[in-house]
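Chemist: Listed below are the residues making up each chain.
2 protein chains.
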Amino acid sequence: MNFCSSCGEKVVYRVPQGDNRERYLCEHCDTVHYQNPRVVTGCLPVWQDEVLLCRRAINPRSGYWTLPAGFLENGETALEGALRETREEACARVSDANLYTLFSLPHISQIYMFYRARLADMSFQAGEETLEVALFSEADIPWNELAFPVVTETLQHYFEDRVHGDFPVRSKEIRRSLLQSQHGRAGKG
Amino acid sequence: MNFCSSCGEKVVYRVPQGDNRERYLCEHCDTVHYQNPRVVTGCLPVWQDEVLLCRRAINPRSGYWTLPAGFLENGETALEGALRETREEACARVSDANLYTLFSLPHISQIYMFYRARLADMSFQAGEETLEVALFSEADIPWNELAFPVVTETLQHYFEDRVHGDFPVRSKEIRRSLLQSQHGRAGKG
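Sequences listed follow chains C and U, in order.
Position 107 of the first sequence, counting from 1, maps to 108 under this note's numbering, and the rest follow consecutively.
Position 113 of the second sequence, counting from 1, maps to 114 under this note's numbering, and the rest follow consecutively.
By construction, these hints were calculated from the structure, which means they are not laboratory data.
Hints may contain errors.
What the hints assert, rightly or not - Derived EDC-like pairs (lysine to aspartate or glutamate); straight-line CA-CA distance at most 16 Å:
| no. | chain 1 | residue 1 | chain 2 | residue 2 |
| --- | --- | --- | --- | --- |
| 1 | U | 11 | U | 28 |
| 2 | C | 11 | C | 31 |
| 3 | C | 173 | U | 154 |
| 4 | U | 11 | U | 31 |
| 5 | C | 173 | U | 81 |
| 6 | C | 11 | U | 10 |
| 7 | U | 11 | C | 10 |
| 8 | C | 11 | C | 28 |
| 9 | C | 173 | C | 154 |
| 10 | U | 173 | C | 97 |
| 11 | U | 173 | U | 154 |
| 12 | U | 173 | C | 81 |
To be verified - Looking from chain U toward chain C, a few residues come up when the C-beta cut is under 7 Å (computed):
| no. | residue |
| --- | --- |
| 13 | 2 |
| 14 | 9 |
| 15 | 37 |
| 16 | 39 |
| 17 | 40 |
| 18 | 72 |
| 19 | 73 |
| 20 | 75 |
| 21 | 76 |
| 22 | 78 |
| 23 | 79 |
| 24 | 105 |
| 25 | 110 |
| 26 | 112 |
| 27 | 170 |
| 28 | 174 |
As the list claims (entries may be wrong) - Derived list of chain U stretches under chain C, where covered just means 3 residues or more per stretch with a C-beta under 8 Å from a C-beta of chain C:
| no. | segment |
| --- | --- |
| 29 | 29–36 |
| 30 | 92–104 |
In this text the structure is predicted, and so the values were computed from the model without any measurement.
Ideal Cβ placement from N, Cα and C applies to all residues, glycine included.
Take the sequences, apply the hints, and build the full model.
Modeler: Here's what the structure looks like:
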């Protein structure tokens with residue numbers, strides 16, 4: 002950030018009065034430009050004993066398998082964002098969605114949420130940012146070709162929890178190198 | 002948003018190529034300025050059969066009672082943010098924090114999270130943005146003087162769940178008028 006998005010003057014980077022951390026600040030129009038973590042939401046779509054995965058057509062991690070997910074937009078609930086991303090990336094509809102995993106990724110200032118949901122029918126197909134969409138049983142999950150640690154952990158929890166039929170919400174944090182888990186462009190998934 | 006924070010030129014508001022919604026966009030340096038929901042995190046500090054509330058010293062809802070909470074900062078986990086806000090607003094330390102409620106507030110593009118936690122000791126006091134801090138038993142909660150619907154709902158769930166000693170994570174949405182639940186300055190709680 003170099004310029005004030007409000008008045009166009011140069012910004013400075015310092016602690017504003019009454020605050021305790023550095024911010025981008027316009028001394029011309031007195032605007033503080035706060036920067037905060039972004040939320041990524043998605044679904045774990047389940048069909049009988051299989052789960053739906055998408056193979057990414059875009060970087061980062063192009064060619065790797067992921068759960069349909071992307072950045073939450075203004076004006077959406079977390080669930081609405083998860084359902085939209087599932088439609089956009091897998092052209093899939095789900096029902097009975099329940100919050101399942103929540104991850105903090107402080108190194109990239111992201112909060113990730115996945116909803117466990119029932120796939121409504123078999124009419125899914127690859128969206129614009131997806132190479133292919135497929136259903137996988139537990140034995141066939143391509144564990145070494147998963148795109149992000151949040152996907153791996155959500156699937157691991159799911160198969161563990163499925164044994165008992167109890168799916169408590171899991172709240173976790175993942176601290177990794179930028180390369181391993183960065184999720185692409187700022188603000189749009 | 003009027004100017005590009007990267008190069009200082011005027012921005013336009015239109016759908017970028019390959020996107021499906023309007024964004025602030027700089028046609029000079031080709032930067033898309035995404036705007037996304039913000040995350041507010043806080044604690045429900047519990048001491049024996051009482052809960053800790055803070056009376057707000059700042060607008061919005063100055064003079065009303067709230068749970069300690071504020072905007073998550075870059076580089077923090079959701080839990081770290083909740084603990085920091087509890088220190089800043091109530092000078093209180095907690096332990097055994099577990100995610101308890103998660104709210105989507107789409108009309109103000111916020112995600113709210115509260116952690117149920119054990120108050121570590123009685124050495125709490127009002128922080129800079131707080132008029133007073135006090136412990137309340139269920140019978141004494143000032144229900145008509147609570148600052149925000151997310152606080153009311155979190156407390157209601159807590160007292161319901163306490164009867165059975167089981168505190169499942171509650172994921173909800175609240176759609177209200179701006180006046181009733183807006184949470185102050187953009188990005189800093």
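Chemist: Each hint needs a verdict: does it hold in this structure or not?
Modeler: Here is how each hint holds up against the structure:
1. Between residue 11 of chain U and residue 28 of chain U, the direct Cα distance comes to roughly 8 Å. Compliance with the 16 Å bound is thereby established for this hinted pair.
2. Annotation: proposed proximity of residue 11 of chain C to residue 31 of chain C holds, straight-line Cα distance about 12 Å (limit 16 Å).
3. Restraint check: the Cα-Cα separation between residue 173 of chain C and residue 154 of chain U comes to about 24 Å, which exceeds 16 Å; the hinted pair is violated.
4. Of the pairs offered as hints, the one joining residue 11 of chain U and residue 31 of chain U holds, with about 12 Å between alpha carbons and a cut-off of 16 Å not exceeded.
5. A C-alpha spacing of about 12 Å is found between residue 173 of chain C and residue 81 of chain U, which places the hinted pair at or below 16 Å, so the restraint holds.
6. Straight-line distance between C-alpha atoms of residue 11 of chain C and residue 10 of chain U comes to about 12 Å, which keeps the hinted pair within the 16 Å bound.
7. Between residue 11 of chain U and residue 10 of chain C, the direct Cα distance comes to roughly 12 Å. Compliance with the 16 Å bound is thereby established for this hinted pair.
8. Between residue 11 of chain C and residue 28 of chain C the CA atoms are separated by roughly 8 Å; this keeps the pair inside 16 Å, and the hint holds.
9. With a CA separation close to 10 Å, the supplied pair residue 173 of chain C and residue 154 of chain C stays within the 16 Å bound.
10. Restraint check: the Cα-Cα separation between residue 173 of chain U and residue 97 of chain C comes to about 14 Å, which is no more than 16 Å; the hinted pair holds.
11. A threshold of 16 Å between alpha carbons decides the hint, and for residue 173 of chain U with residue 154 of chain U the separation of about 10 Å falls inside it, so the pair holds.
12. About 12 Å separates the Cα atoms of residue 173 of chain U and residue 81 of chain C, which keeps this hinted pair within 16 Å; it holds.
13. Because the beta carbon of residue 2 of chain U sits about 5 Å from the nearest beta carbon in chain C, less than 7 Å, this interface hint is met.
14. A least Cβ separation of about 4 Å between residue 9 of chain U and chain C falls short of the 7 Å threshold, and the interface hint therefore holds.
15. The closest approach between the C-beta of residue 37 of chain U and any C-beta of chain C is roughly 5 Å, which is under the 7 Å cut-off, so the hint is satisfied.
16. Given the 7 Å rule on beta carbons, the hint for residue 39 of chain U holds: about 5 Å separates it from the nearest Cβ of chain C.
17. Interface restraint check for residue 40 of chain U: the shortest CB-CB distance to chain C comes to about 6 Å, inside 7 Å, so the restraint holds.
18. Interface hint status for residue 72 of chain U: upheld, as the beta-carbon distance to the closest one in chain C is roughly 6 Å, under 7 Å.
19. Interface restraint check: residue 73 of chain U against chain C, minimum CB-CB distance 5 Å, threshold 7 Å, status holds.
20. Checking residue 75 of chain U against chain C by beta carbon gives a least distance of about 4 Å; that is within 7 Å, so the hint holds.
21. Annotation: interface hint on residue 76 of chain U holds; nearest CB of chain C at approximately 5 Å, less than 7 Å.
22. Hint status for residue 78 of chain U: holds, given a least beta-carbon distance of 4 Å to chain C, under 7 Å.
23. For residue 79 of chain U, the suggested interface contact is upheld, since its CB lies about 5 Å from the closest CB of chain C, less than 7 Å.
24. Interface restraint check: residue 105 of chain U against chain C, minimum CB-CB distance 4 Å, threshold 7 Å, status holds.
25. Nearest Cβ of chain C to the Cβ of residue 110 of chain U: about 4 Å, under the 7 Å cut. The hint holds.
26. Against a cut-off of 7 Å between C-beta atoms, the interface hint on residue 112 of chain U holds, since the closest Cβ of chain C lies about 6 Å away.
27. Annotation: interface hint on residue 170 of chain U holds; nearest CB of chain C at approximately 4 Å, less than 7 Å.
28. A hinted interface residue such as residue 174 of chain U counts as satisfied when its beta carbon comes closer than 7 Å to some beta carbon of chain C; here the least separation is about 5 Å, so the hint holds.
29. Counting residues of the segment 29–36 of chain U whose CB falls under 8 Å from any CB of chain C gives 4; the rule of at least 3 is met.
30. With 3 residues carrying a beta carbon less than 8 Å from a beta carbon of chain C, the segment 92–104 of chain U meets the three-residue requirement, and the given coverage holds.
The structure shown violates just one earlier hint, number 3.
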